[in-house]
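There are 2 protein chains.
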Amino acid sequence: MADYEMFELGDIVLQSQQTIRNARLAYKTYGTLSPAKDNAIVYPTWYSGQHYENEWLIGEGMALDPRKYFIIVPNMFGNGLSSSPSNTPAPIDRGRFPNVTAYDNVRQQYRLVHEKFGIDSLELVTGWSMGALQTYHWGALYPDMVKRILPFQGSAKCSRHNFVFLEGVKASLQADAAYNNGWYEAPPTKGLRAMARVYAGWGFSQAFYRQRLDITAMGYASLEDFLVGFWEGIFLPRDANNLLLMLWTWQNGDISNNEIFKGDFVKALGAIKAKAIVMPASTDLYFPPEDNAFEVAHMPNAELRTIETVWGHFAGGPGTSPADIATLDSALRELLAS
Amino acid sequence: MADYEMFELGDIVLQSQQTIRNARLAYKTYGTLSPAKDNAIVYPTWYSGQHYENEWLIGEGMALDPRKYFIIVPNMFGNGLSSSPSNTPAPIDRGRFPNVTAYDNVRQQYRLVHEKFGIDSLELVTGWSMGALQTYHWGALYPDMVKRILPFQGSAKCSRHNFVFLEGVKASLQADAAYNNGWYEAPPTKGLRAMARVYAGWGFSQAFYRQRLDITAMGYASLEDFLVGFWEGIFLPRDANNLLLMLWTWQNGDISNNEIFKGDFVKALGAIKAKAIVMPASTDLYFPPEDNAFEVAHMPNAELRTIETVWGHFAGGPGTSPADIATLDSALRELLAS
Numbered sequence: 001m002a003d004y005e006m007f008e009l010g011d012i013v014l015q016s017q018q019t020i021r022n023a024r025l026a027y028k029t030y031g032t033l034s035p036a037k038d039n040a041i042v043y044p045t046w047y048s049g050q051h052y053e054n055e056w057l058i059g060e061g062m063a064l065d066p067r068k069y070f071i072i073v074p075n076m077f078g079n080g081l082s083s084s085p086s087n088t089p090a091p092i093d094r095g096r097f098p099n100v101t102a103y104d105n106v107r108q109q110y111r112l113v114h115e116k117f118g119i120d121s122l123e124l125v126t127g128w129s130m131g132a133l134q135t136y137h138w139g140a141l142y143p144d145m146v147k148r149i150l151p152f153q154g155s156a157k158c159s160r161h162n163f164v165f166l167e168g169v170k171a172s173l174q175a176d177a178a179y180n181n182g183w184y185e186a187p188p189t190k191g192l193r194a195m196a197r198v199y200a201g202w203g204f205s206q207a208f209y210r211q212r213l214d215i216t217a218m219g220y221a222s223l224e225d226f227l228v229g230f231w232e233g234i235f236l237p238r239d240a241n242n243l244l245l246m247l248w249t250w251q252n253g254d255i256s257n258n259e260i261f262k263g264d265f266v267k268a269l270g271a272i273k274a275k276a277i278v279m280p281a282s283t284d285l286y287f288p289p290e291d292n293a294f295e296v297a298h299m300p301n302a303e304l305r306t307i308e309t310v311w312g313h314f315a316g317g318p319g320t321s322p323a324d325i326a327t328l329d330s331a332l333r334e335l336l337a338s
Numbered sequence: 001m002a003d004y005e006m007f008e009l010g011d012i013v014l015q016s017q018q019t020i021r022n023a024r025l026a027y028k029t030y031g032t033l034s035p036a037k038d039n040a041i042v043y044p045t046w047y048s049g050q051h052y053e054n055e056w057l058i059g060e061g062m063a064l065d066p067r068k069y070f071i072i073v074p075n076m077f078g079n080g081l082s083s084s085p086s087n088t089p090a091p092i093d094r095g096r097f098p099n100v101t102a103y104d105n106v107r108q109q110y111r112l113v114h115e116k117f118g119i120d121s122l123e124l125v126t127g128w129s130m131g132a133l134q135t136y137h138w139g140a141l142y143p144d145m146v147k148r149i150l151p152f153q154g155s156a157k158c159s160r161h162n163f164v165f166l167e168g169v170k171a172s173l174q175a176d177a178a179y180n181n182g183w184y185e186a187p188p189t190k191g192l193r194a195m196a197r198v199y200a201g202w203g204f205s206q207a208f209y210r211q212r213l214d215i216t217a218m219g220y221a222s223l224e225d226f227l228v229g230f231w232e233g234i235f236l237p238r239d240a241n242n243l244l245l246m247l248w249t250w251q252n253g254d255i256s257n258n259e260i261f262k263g264d265f266v267k268a269l270g271a272i273k274a275k276a277i278v279m280p281a282s283t284d285l286y287f288p289p290e291d292n293a294f295e296v297a298h299m300p301n302a303e304l305r306t307i308e309t310v311w312g313h314f315a316g317g318p319g320t321s322p323a324d325i326a327t328l329d330s331a332l333r334e335l336l337a338s
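As you go down the protein sequences, you meet chains A and B in turn. Just so we're aligned: the first sequence equals residues 1 to 338 in this note's numbering. Just so we're aligned: the second sequence equals residues 1 to 338 in this note's numbering.
In case anyone wonders, no lab produced these hints; they're calculated from the structure. Mixed in with the good hints, there may be bad ones.
On the chain B side, residues computed to face chain A include the following (Cβ under 8 Å) [stated by the list, open to error]:
| no. | residue |
| --- | --- |
| 1 | Arg160 |
| 2 | Val164 |
| 3 | Ser172 |
| 4 | Ala175 |
| 5 | Lys190 |
| 6 | Gly191 |
| 7 | Arg193 |
| 8 | Val198 |
| 9 | Leu223 |
Just the calculated beta-carbon pair ranges, DEER-fashion [said to hold, decoys possible]:
| no. | chain 1 | residue 1 | chain 2 | residue 2 | range |
| --- | --- | --- | --- | --- | --- |
| 10 | B | Thr216 | A | Pro89 | 40 to 50 Å |
| 11 | B | Lys116 | A | Val228 | 40 to 50 Å |
| 12 | B | Gly59 | A | Pro143 | 41 to 51 Å |
Glycine residues also receive a C-beta, built at the ideal position from the N, C-alpha and C atoms.
Next comes chain A alone, as it looks inside the complex:
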C-alpha cells in the first residue's frame, strides 16, 4: 500500500506549451489541518528525492511538528511518483517527456493546496536544495498567501557555475551508450555510477573529506565504500530519464522566467513579501552563500543566515549532520514563532 495520496490534475499545459494529459501530483501530509485552515506548511522535495526522504525535518518536538502543523510534502514532477518519464504512457513517456520548470511545479502545487484543501494562507514554505528553488517560487508567485519562507542551501535562480556542475553530471550519465537517448530497456548503470562519482566531489566539502567524516561520522569503512555505498546507492535505483528531467528543471530554475516577471530577477525577488530566513551552508560548493547574499539584498523582508559547517551541501540535508540540522530546526522554530 502506498504511503502517499494522488491529486489528479487533469490535462496541464506547461511553460513549454506542451501538455501532460491526466497529470498527477503525488503528495503526503503530516498532521491535521485546523478548522480555520491556518496551520499549513508546504515542504517540497529535492533533486531526485521523494516525500519520505523529506522526513528528517518532521517530527514531534521539532519545528515542523505534526501535532501543531499540517505539513504538505508535494513530490516534484519527474521524481517517479508525480508525473514522470518513468510512469507516463506514450506518446510522452521516457525520452519524450516534456521539460518541466519549477514554475510549472509550483503552479500545480498551488492547485493541490487551494483546490484540494481550500487553504488560502500558508504559515511557511521551506525546502532544501531544489526544494529551496520551489520555496522561492512560492514566495514570488503567491506573495499574499505565503507568510514565511525558509529556503536552505538552494537559490532562486540556477547560477552559471551551478549550471556547469550539472553539465558534468548530465554528460557523465549520457556518455553511457546504454542510455540511448532515453530509450533504454535496462538501466544505463555505468552512466548512473559515473554520475554518482561526479556528484560525490560536489556534495560534501573539501574539509569534510579532509576530516574523514565519511568514515568517522557516517560510518563507511573506506572512501571507496562511501563512493559505492552512499553515492552509487543514491543514484543507481533511480530512473535515468527522471534524473535528467529534474536536472533540466534545476538548470532552468529562475523565479523570474515567466510572464509575470519577464526575466527581471531583481523584480521577482522584490515581490517576495514573506518574512524570510535564507540559510546557505558556508562550504556548499554549488550553492555558495554569495548567491544568496545577492538575493537577500533584493528581498524586502529577508535575513541571510549562513550555517557554518564543513558538511557542504549536505549540512541541512537528509539526516547526515545532526548539529547543522539542529541549527536549521532552531531557525525554523524562530521563524514560525515570529
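Starting from the known structure of chain A, fit chain B onto it as the hints suggest.
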C-alpha cells in the same frame, strides 16, 4: 621537426616493479647552461600538458629568463611525448601500460639533469598543479641538490577530496563504451567530452563564472561556447589512455610513498631543505590553501603565500589570468634573488 629533445633512459623499473623497456624522456631546454653549471631550473609539466604548454612563465624580462637561466622542462610520462600508452610498443602499449608514480617521474628527471647535463645543483624547481607535485618530490628526494622550490596550485600528496574529484573525471571518460578498457581504435569522444564538462566546474571558481569571466575576460561568446571551445578543446585531442595514466599518477601522488619515507608524510615534508614559497590560489576548488598550510607547517624553510583571486585553479595557470601570473612571476623573482 620536433621542437624538443629525447633522452634515452634504457629499461627502467617502476615503483610497481614493472619495466618500461627503452623508455624515453622528452624534454626541452631554454637558455644556456653556464660553464659552472650553476644556473639550472627544472620546471615539470602539468596534467596532460606538454613542454610548450609550460611556456607562459618563460621569457625575457620574466623571472624564468632564458638569458640568465638554463630552464629544463621534462615531459611527464604519459603526456604523449615521453613514454606513454599512446607511443609505446606492445606488450605494454595502450590499455596495458604500467602505472607510473610522480616518484618514478622525478627519479628519471634526475637522471636527465645529472647524467645528460652533469648538473649537481638546481637554483629552482617550480611547477603548476601536477608540476607542483613533481616539484615537492624534487625537494624531498634531492634535498642537497635543490636550493629553492616554488610549487603553485598543487600539493605534495593528493588529498581525499581531490581524489574524489578525479574519480568523477575518470568515471565520466570510462562510461563511454567506446573506451573499451583502453583498446579503442577511434577515440572515445563522448567520454572525452563528458570528462571536459566534468572538469569545467572544477577548473574555475564559482566567482569566476558569476562574474562571467569566460566571456568578458577570455572572450568566449557564451557559456556553451566556453564549454566546447575551451574545455572540450583541451581534452578531445588528447589520448584517453594517456589521460587515465596521468590521472592515476595524480591520484597516487604522495612524496612519502616510497622506500625512503615509508608513508611518513610529515617526515617527507621535513626533509625538504629548499627555501620554499608555496602558492595556492584562494579559490582553487581542488587544491585549497588549507592542504598547503599543513605542508608548510611541516617544512623547515617554507612560506605559504596564497594568491587572492577568483580564477580558481587556473589563477597561475597557462596564460589565462595576467594579474595572477604577475603575482607569481614576482614571487619567483624574489625567491631566485634570495
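Inset, instruction - Just pull the numbers of the violated hints for me, sorted ascending. - result: Of the numbered hints given earlier, the structure breaks just one, which is hint 12.
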